[in-house]
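Asks: Chain by chain, the residues run as shown.
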Amino acid sequence: MAADLIESVAKILFIFGVNVGVFAPILGWVERKQSAVMQDRIGANRADILGFTAIGLFHSLADAIKLLTKEDFVPDNASKFFHTLAPFISLVPAIAAFAIVPFGGRYELFGREIHLVIADLDVGILYVFALAGLATYGTVLAGWSSRSNWSLLGGLRASAQMLSYEVAMGLSIIGLIMVYGTLKLTEIGAIQENFFRWGIFLQPVGFIIFMTCAIAENKRIPFDIPEAESELVAGYFTEYSGMKFIMFWMAEFLEMVTISAVVTTLFFGAWHIPFVTDAMLLSWFAPAGPNGAAALAMLVNIAVFFAKVSFFIWLQMTIRWTLPRFRYDQVMRMCWKMLLPLSLINLSITGLVVLLR
Amino acid sequence: MKTMTGLEHSASSVQVGIPAAILKPKKVRRRLDMTLWEKLYVAEIVRGLVVTSKHFFINMIGFIFPPAGKKRKVFTVYYPEEKLTLPPAYRGRPVLVADAAGEAKCVACGLCEKMCPAHAISIVAAEKAPGERYPERYTLDLGRCVYCGYCEEVCPKEAIVMSDEYQGLAQRDRSRLVFEKEQLLRPEGKVKARLTYVRRIYSKWNY
Ligand code: SF4
Ligand code: SF4
Numbered sequence: 000m001a002a003d004l005i006e007s008v009a010k011i012l013f014i015f016g017v018n019v020g021v022f023a024p025i026l027g028w029v030e031r032k033q034s035a036v037m038q039d040r041i042g043a044n045r046a047d048i049l050g051f052t053a054i055g056l057f058h059s060l061a062d063a064i065k066l067l068t069k070e071d072f073v074p075d076n077a078s079k080f081f082h083t084l085a086p087f088i089s090l091v092p093a094i095a096a097f098a099i100v101p102f103g104g105r106y107e108l109f110g111r112e113i114h115l116v117i118a119d120l121d122v123g124i125l126y127v128f129a130l131a132g133l134a135t136y137g138t139v140l141a142g143w144s145s146r147s148n149w150s151l152l153g154g155l156r157a158s159a160q161m162l163s164y165e166v167a168m169g170l171s172i173i174g175l176i177m178v179y180g181t182l183k184l185t186e187i188g189a190i191q192e193n194f195f196r197w198g199i200f201l202q203p204v205g206f207i208i209f210m211t212c213a214i215a216e217n218k219r220i221p222f223d224i225p226e227a228e229s230e231l232v233a234g235y236f237t238e239y240s241g242m243k244f245i246m247f248w249m250a251e252f253l254e255m256v257t258i259s260a261v262v263t264t265l266f267f268g269a270w271h272i273p274f275v276t277d278a279m280l281l282s283w284f285a286p287a288g289p290n291g292a293a294a295l296a297m298l299v300n301i302a303v304f305f306a307k308v309s310f311f312i313w314l315q316m317t318i319r320w321t322l323p324r325f326r327y328d329q330v331m332r333m334c335w336k337m338l339l340p341l342s343l344i345n346l347s348i349t350g351l352v353v354l355l356r
Numbered sequence: 000m001k002t003m004t005g006l007e008h009s010a011s012s013v014q015v016g017i018p019a020a021i022l023k024p025k026k027v028r029r030r031l032d033m034t035l036w037e038k039l040y041v042a043e044i045v046r047g048l049v050v051t052s053k054h055f056f057i058n059m060i061g062f063i064f065p066p067a068g069k070k071r072k073v074f075t076v077y078y079p080e081e082k083l084t085l086p087p088a089y090r091g092r093p094v095l096v097a098d099a100a101g102e103a104k105c106v107a108c109g110l111c112e113k114m115c116p117a118h119a120i121s122i123v124a125a126e127k128a129p130g131e132r133y134p135e136r137y138t139l140d141l142g143r144c145v146y147c148g149y150c151e152e153v154c155p156k157e158a159i160v161m162s163d164e165y166q167g168l169a170q171r172d173r174s175r176l177v178f179e180k181e182q183l184l185r186p187e188g189k190v191k192a193r194l195t196y197v198r199r200i201y202s203k204w205n206y
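Those protein sequence lines, which keep their order, are chains A and B.
Here the first sequence stands for residues 0 to 356, numbered as in numbering that gives the first Met the number 0.
Here the second sequence stands for residues 0 to 206, numbered as in numbering that gives the first Met the number 0.
Keep in mind the hints are simulated off the structure, nothing from the lab.
Just to be clear, a hint being listed does not mean it is correct.
To be verified - Computed spacing ranges between beta-carbons, pair by pair:
no., chain 1, residue 1, chain 2, residue 2, range
1, A, Trp313, B, Val41, 14 to 22 Å
2, A, Phe200, B, Glu81, 26 to 34 Å
3, B, Glu43, A, Asn148, 54 to 62 Å
4, A, Ile54, B, Trp36, 36 to 44 Å
5, B, Val41, A, Gly132, 38 to 46 Å
6, A, Asn148, B, Pro116, 36 to 44 Å
7, B, Glu81, A, Asp119, 38 to 46 Å
8, B, Leu168, A, Ile11, 31 to 39 Å
9, B, Leu39, A, Ser229, 24 to 32 Å
10, B, Asp172, A, Gly241, 44 to 52 Å
11, B, Gly167, A, Phe51, 24 to 32 Å
To be verified - Each computed SDA-like pair below joins lysine to any residue, with the alpha-carbon atoms no more than 20 Å apart:
no., chain 1, residue 1, chain 2, residue 2
12, B, Lys113, B, Glu157
13, B, Lys82, A, Trp313
14, B, Lys53, A, Ala294
15, A, Lys336, B, Tyr40
16, B, Lys38, A, Gly42
17, B, Lys38, A, Pro221
18, B, Lys38, A, Tyr126
19, B, Lys53, A, Phe80
20, B, Lys191, B, Thr84
21, A, Lys336, B, Lys38
22, B, Lys53, A, Tyr179
23, B, Lys53, A, Leu341
24, B, Lys53, A, Leu339
25, B, Lys53, A, Ile41
26, B, Lys38, A, Ile344
27, B, Lys38, A, Ser34
28, B, Lys53, A, Lys336
29, B, Lys53, A, Met316
30, A, Lys336, B, Tyr78
31, B, Lys38, A, Met337
32, A, Lys336, B, Lys82
33, B, Lys82, A, Arg40
34, B, Lys53, A, Tyr106
35, A, Lys336, B, Thr84
36, A, Lys336, B, Lys113
37, A, Lys336, B, Glu157
38, B, Lys38, A, Leu341
39, A, Lys336, B, Lys191
40, B, Lys38, A, Asp39
All residues carry an ideal CB built from backbone N, CA and C; glycine is no exception.
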């Protein structure tokens, strides 16, 4: 019992630390620096400590200090309670969604079976959708409670966009679930030990739809109409400052990490290296003894998983800095007239294939 | 083309930004009827991603192993450390041209004062010898100047030109932007490129 508790706490701390301690601050830097490199610029590189700039990494630190010490401003007439609640509702699902993502397989370590997932839910992927739906509330509440027209418009757009895309996103995954025959993310990950059973080969269309919808769910460019810097100042978080503002940003970055993790788990072989099975990995590390081998395999798998996650974060950043934004009607048309029918067609073809096989 | 002053066009060697040879502007394709392939969207998105990630990777390699001797592909200028050489067409703050003796060439005719749309110039004229005027005081309020270059255009003596100086124009106090004659005087050699350029372009209208 105590060992279980320690294991769970260790896993939670690990994921929390990686997400909040590494990804959230670093992604702000990555976004600046990557956009700069893509556009033949240099990017932020002036913040320094004793003349040491660490390729601009200290800008994140400076940002954090600045935003933490800023005045926490609530507009007159704004609904104070909901105004304060909204950033939390945005941030918590973004952190919590990672709980069901397996970042490694099962390992025998000192007679204990270590299972590298915080909560191995039977409904797995549905939990992610539930939390994504919850995150909508944060956005809508932020827009509604600020008593600002810009925020309100942003919130309205967010509710329309996020709810629409949830439909297509859910449908795009069902094909994959039918093929794998399970909702558990750990089992889906385990099936993908075989390189040719990776989701991307079984459901390429599903992958594209899921990725598109996931970016739209996250409200990033090209689907940034709830924020719409050029029209609505900053959309739903126009009236936020300081810590609460940073929470929206963190939520956005963490959702990006979660999307990458889910895509990796569903479509890109989770923690597996192509053509390398878990048994092979264990046998390579056999000289380190059974426990050592398991520990090394575990580390390799975690590293592989986070390497894939990093790749998808990079991809999302590249998409963000490549594509122009959609207009509001285009966003809606894309969802209801293109992605939804496409996912339905994908679903029926998958159904037929599964049935006939 | 012969210019009014008899000087040949001199091609300037200073260059700013991306040389046209590198830029290679492509022809804009304006097609409203997209092919099916383009309407499918995904392929075109991937094409766009390939372009941007090509830049990304080339620049990443360039950052990690800077190519020796070759000009880097990144055009950012580290401003206070590096400075651009501006082309003579650039209109920086106006300066007075000094002759060989270090005196202002200006004859205090007052044309620039009259022409200046922002009333930035004020001249106190005096006479050195009978009929030989010079500006006793020549005050230029750079807080008012709009860098239009009319003063330069109207001056019959080429005594005031737009220089390539752009620094020192941000001050906490407006009075520090009021420049006196002594601060404005520049030896002729320093503004030669601009003078050549001015002679060339204004000769077109044959003043
Ligand atoms: S550049 Fe224009 S505004 Fe400035 S001093 Fe000359 S005439 Fe006046
Ligand atoms: S137009 Fe030229 S010569 Fe006349 S006052 Fe102005 S600077 Fe002097």
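Asks: Hint by hint, note whether the structure agrees.
Replies: Okay, the hints, checked on the actual structure:
1. With their beta carbons about 19 Å apart, Trp313 of chain A and Val41 of chain B fall inside the hinted range of 14 to 22 Å.
2. Checked against the hint of 26 to 34 Å, the C-beta distance between Phe200 of chain A and Glu81 of chain B comes to roughly 50 Å, which is inconsistent with it.
3. Between Glu43 of chain B and Asn148 of chain A, the C-beta spacing of about 36 Å breaks the proposed range 54 to 62 Å.
4. Judged by the Cβ atoms, the range 36 to 44 Å given for Ile54 of chain A and Trp36 of chain B holds: they are separated by roughly 40 Å.
5. Between Val41 of chain B and Gly132 of chain A the C-beta distance comes to about 27 Å, which lies outside the given range of 38 to 46 Å.
6. Between Asn148 of chain A and Pro116 of chain B, the C-beta spacing of about 40 Å keeps the proposed range 36 to 44 Å intact.
7. The beta-carbon spacing between Glu81 of chain B and Asp119 of chain A, approximately 56 Å, falls outside the hinted interval of 38 to 46 Å.
8. Taken as a hint, the range 31 to 39 Å is violated for the pair Leu168 of chain B and Ile11 of chain A, whose Cβ atoms sit roughly 56 Å apart.
9. About 28 Å separates the C-beta atoms of Leu39 of chain B and Ser229 of chain A, a value consistent with the hinted range of 24 to 32 Å.
10. Roughly 33 Å separates the CB atoms of Asp172 of chain B and Gly241 of chain A, a value that falls outside the hinted 44 to 52 Å.
11. Restraint check, Gly167 of chain B to Phe51 of chain A: a C-beta distance of roughly 31 Å satisfies the suggested window 24 to 32 Å.
12. Distance hint between Lys113 of chain B and Glu157 of chain B is fulfilled; the C-alpha atoms sit about 16 Å from each other, no more than 20 Å.
13. Restraint check for Lys82 of chain B and Trp313 of chain A: the C-alpha separation of about 33 Å exceeds 20 Å, so the hint is violated.
14. Restraint check for Lys53 of chain B and Ala294 of chain A: not satisfied, since their Cα atoms lie roughly 38 Å apart, outside the 20 Å limit.
15. Between the alpha carbons of Lys336 of chain A and Tyr40 of chain B the distance comes to roughly 14 Å, so the proposed pair stays at or under 20 Å and holds.
16. Of the supplied pair hints, the one linking Lys38 of chain B and Gly42 of chain A is violated, its CA atoms being roughly 34 Å apart against a limit of 20 Å.
17. This hinted pair checks out: Lys38 of chain B and Pro221 of chain A have alpha carbons roughly 17 Å apart, not beyond 20 Å.
18. Simply put, Lys38 of chain B and Tyr126 of chain A have alpha-carbon atoms about 35 Å apart, too far for the 20 Å limit, and the pair is violated.
19. Our distance criterion of 20 Å between C-alpha atoms is broken by Lys53 of chain B and Phe80 of chain A, whose separation comes to about 48 Å.
20. Proposed proximity of Lys191 of chain B and Thr84 of chain B is supported: the alpha carbons are some 14 Å apart, at most 20 Å.
21. Restraint check: the Cα-Cα separation between Lys336 of chain A and Lys38 of chain B comes to about 13 Å, which is no more than 20 Å; the hinted pair holds.
22. For the hint pairing Lys53 of chain B with Tyr179 of chain A, the CA-to-CA distance comes to about 36 Å; that exceeds 20 Å, so the pair is violated.
23. At most 20 Å may separate the alpha-carbon atoms for a hinted pair to count; Lys53 of chain B and Leu341 of chain A exceed this at roughly 30 Å.
24. Note on Lys53 of chain B and Leu339 of chain A: the hinted pairing is violated, with a Cα-Cα distance of about 32 Å set against a maximum of 20 Å.
25. The suggested pairing of Lys53 of chain B with Ile41 of chain A holds, with an alpha-carbon distance near 16 Å, which does not exceed 20 Å.
26. In summary, the hint linking Lys38 of chain B to Ile344 of chain A is supported, as the alpha carbons are separated by about 18 Å, within the 20 Å threshold.
27. Of the supplied pair hints, the one linking Lys38 of chain B and Ser34 of chain A is violated, its CA atoms being roughly 27 Å apart against a limit of 20 Å.
28. At most 20 Å may separate the alpha-carbon atoms for a hinted pair to count; Lys53 of chain B and Lys336 of chain A exceed this at roughly 32 Å.
29. Of the pairs offered as hints, the one joining Lys53 of chain B and Met316 of chain A holds, with about 14 Å between alpha carbons and a cut-off of 20 Å not exceeded.
30. Note on Lys336 of chain A and Tyr78 of chain B: the hinted pairing is violated, with a Cα-Cα distance of about 49 Å set against a maximum of 20 Å.
31. Restraint check: the Cα-Cα separation between Lys38 of chain B and Met337 of chain A comes to about 11 Å, which is no more than 20 Å; the hinted pair holds.
32. Proposed proximity of Lys336 of chain A and Lys82 of chain B is contradicted: the alpha carbons are some 53 Å apart, above 20 Å.
33. Between Lys82 of chain B and Arg40 of chain A the CA atoms are separated by roughly 16 Å; this keeps the pair inside 20 Å, and the hint holds.
34. Distance restraint check for Lys53 of chain B and Tyr106 of chain A: the Cα-Cα separation of roughly 40 Å exceeds the 20 Å cut-off, and the hinted pair is therefore not satisfied.
35. Restraint check for Lys336 of chain A and Thr84 of chain B: not satisfied, since their Cα atoms lie roughly 54 Å apart, outside the 20 Å limit.
36. With a C-alpha separation of about 66 Å, the suggested pair Lys336 of chain A and Lys113 of chain B falls outside the 20 Å cut-off, and the hint is violated.
37. Simply put, Lys336 of chain A and Glu157 of chain B have alpha-carbon atoms about 68 Å apart, too far for the 20 Å limit, and the pair is violated.
38. Note on Lys38 of chain B and Leu341 of chain A: the hinted pairing holds, with a Cα-Cα distance of about 14 Å set against a maximum of 20 Å.
39. A hinted pair counts as satisfied when its Cα atoms are at most 20 Å apart, and Lys336 of chain A with Lys191 of chain B does not qualify at roughly 65 Å.
40. Taking the CA atoms of Lys38 of chain B and Asp39 of chain A, the gap is near 29 Å; set against the 20 Å cutoff, the hint is violated.
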